[in-house]
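Novice: Could you build the full structure based on these sequences and the hints that come with them?
Protein sequences, first through last, are from chains A and B. Each residue of the first sequence is one higher than the last, beginning at 1 in the numbering used here. Each residue of the second sequence is one higher than the last, beginning at 1 in the numbering used here.
Just so you know, the hints here were simulated from the structure itself, not pulled from any lab data. Careful: at least some of the hints might be erroneous.
[Said to hold, decoys possible] Below, a sample of chain A positions facing chain B; criterion: calculated Cβ distance under 10 Å: (1) Val58; (2) Gln75; (3) Leu104; (4) Ile106; (5) Ala161.
Don't be surprised by glycine CBs; every beta carbon is placed ideally from N, CA and C.
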Amino acid sequence: MFEGNGRGPRWIRALILVAMALPMASGHAEPEGGTSGSAAPEPRPPQGRQPLDFEDVVAGAAVSVDRLDVRRAGQFKLFGRADQEVLLTFSLPSGLAGPGGALLPIGFAEDDGGFTTEHRPDQAVGFDPQVPYLARLSRSGHAYVYLGGTVRPHLGQRAGAYQGTVTLTVAYTAN
Amino acid sequence: MQKLAVVLIAVALLAYAPAAMAQGTASGDILAQANVMTPIQVAAEQDLLFGNVIPGSNKSIAVDNPSAGRWLVQGTAGAEVDLDFTTLPVALTSGANSMPIVYGATDAGHHTSNDPFSAVLFDPAVSALANIGSPAATLYVWVGGTVQPVLAQAAGLYTGTITLTATYTGN
Numbered sequence: 001m002f003e004g005n006g007r008g009p010r011w012i013r014a015l016i017l018v019a020m021a022l023p024m025a026s027g028h029a030e031p032e033g034g035t036s037g038s039a040a041p042e043p044r045p046p047q048g049r050q051p052l053d054f055e056d057v058v059a060g061a062a063v064s065v066d067r068l069d070v071r072r073a074g075q076f077k078l079f080g081r082a083d084q085e086v087l088l089t090f091s092l093p094s095g096l097a098g099p100g101g102a103l104l105p106i107g108f109a110e111d112d113g114g115f116t117t118e119h120r121p122d123q124a125v126g127f128d129p130q131v132p133y134l135a136r137l138s139r140s141g142h143a144y145v146y147l148g149g150t151v152r153p154h155l156g157q158r159a160g161a162y163q164g165t166v167t168l169t170v171a172y173t174a175n
Numbered sequence: 001m002q003k004l005a006v007v008l009i010a011v012a013l014l015a016y017a018p019a020a021m022a023q024g025t026a027s028g029d030i031l032a033q034a035n036v037m038t039p040i041q042v043a044a045e046q047d048l049l050f051g052n053v054i055p056g057s058n059k060s061i062a063v064d065n066p067s068a069g070r071w072l073v074q075g076t077a078g079a080e081v082d083l084d085f086t087t088l089p090v091a092l093t094s095g096a097n098s099m100p101i102v103y104g105a106t107d108a109g110h111h112t113s114n115d116p117f118s119a120v121l122f123d124p125a126v127s128a129l130a131n132i133g134s135p136a137a138t139l140y141v142w143v144g145g146t147v148q149p150v151l152a153q154a155a156g157l158y159t160g161t162i163t164l165t166a167t168y169t170g171n
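Specialist: And the structure:
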């Protein structure tokens, strides 16, 4: 059964070849623009294209920006492998920082996130940005994410410019 | 030899596993931003005073008359506001008596400084858009009008209330 030739039986050599071949056979390719030589490439960072801009708000009056608002909704562009499934996770602020350490409360509703493989906000599928969301990149490895939200300045809110950072983390899944 | 085979199988599985579970993360940021505007304050600075009037003789007060009514609007410098006389009486009253008051198309005015002679005139019956001054963050608004006492107008002090409402337009 075993055929010796001084370097181990054939089936063992075959197994070694299979072991070497498996990672290559998994079909992984580099993400667009990637520079890593790893067999398990890192996703390319999402590109922040547009801030979530509430513009001028008045103390005591809540203001919402719809994710469909082309001019004011936050926008990201995703780059990656074709048809890759990705897990999107937002890091969302609960307040925007303003003058003298003042905080402007900000909140996000269940439909304030939007995902689409084309740059068409009106075609985006809504999702809750407060929980991780599974999506799939386009055949060209692209996708767009939109974000709306609501700020709630209280009556005594200090006047001035307020800012906060929204971070979108993209993770490749095994699919 | 069998142990070697087991080891090699394990190596093969390990080599495969990272590819099957291939995961990585990457993050990108955007800003969320808002500008909280200074709340609008509308202060009544001067009443519209017709002084003594004679029955049967109309009396008008123009915007640039020192007796014109005046408000000071303060808010975010440069912001556009809608000026609306939300209460504009058609008559002044003295007890049970009333005296008609009317307004012309140029009986209201606004300017960023207290200079009624340079005011932009508008019809107080129609709202107007104006910008709060910059950097002073002030806007002055005046109102005049004409009272029309009839010949049989009863003597007395006639009063009414005019209310100016200023609202940010967002521009």
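Novice: With 10 Å as the cut and Cβ atoms as the points, is Ile106/A at the interface with chain B?
Specialist: Given a least distance of 6 Å, the restraint on Ile106/A holds.
Novice: Holds or violated: is there a CB of chain B closer than 10 Å to the CB of Gln75/A?
Specialist: holds (7 Å)
Novice: Go through the hint on Leu104/A and say holds or violated, using the shortest Cβ distance to chain B against 10 Å.
Specialist: With a closest approach of 6 Å, the Leu104/A hint holds.
Novice: Minimum Cβ distance from Ala161/A to chain B below 10 Å?
Specialist: holds (5 Å)
Novice: Holds or violated: Val58/A as interface residue toward chain B, Cβ cutoff 10 Å?
Specialist: holds (5 Å)
Comparing the model with each numbered hint stated earlier shows that all of them hold.
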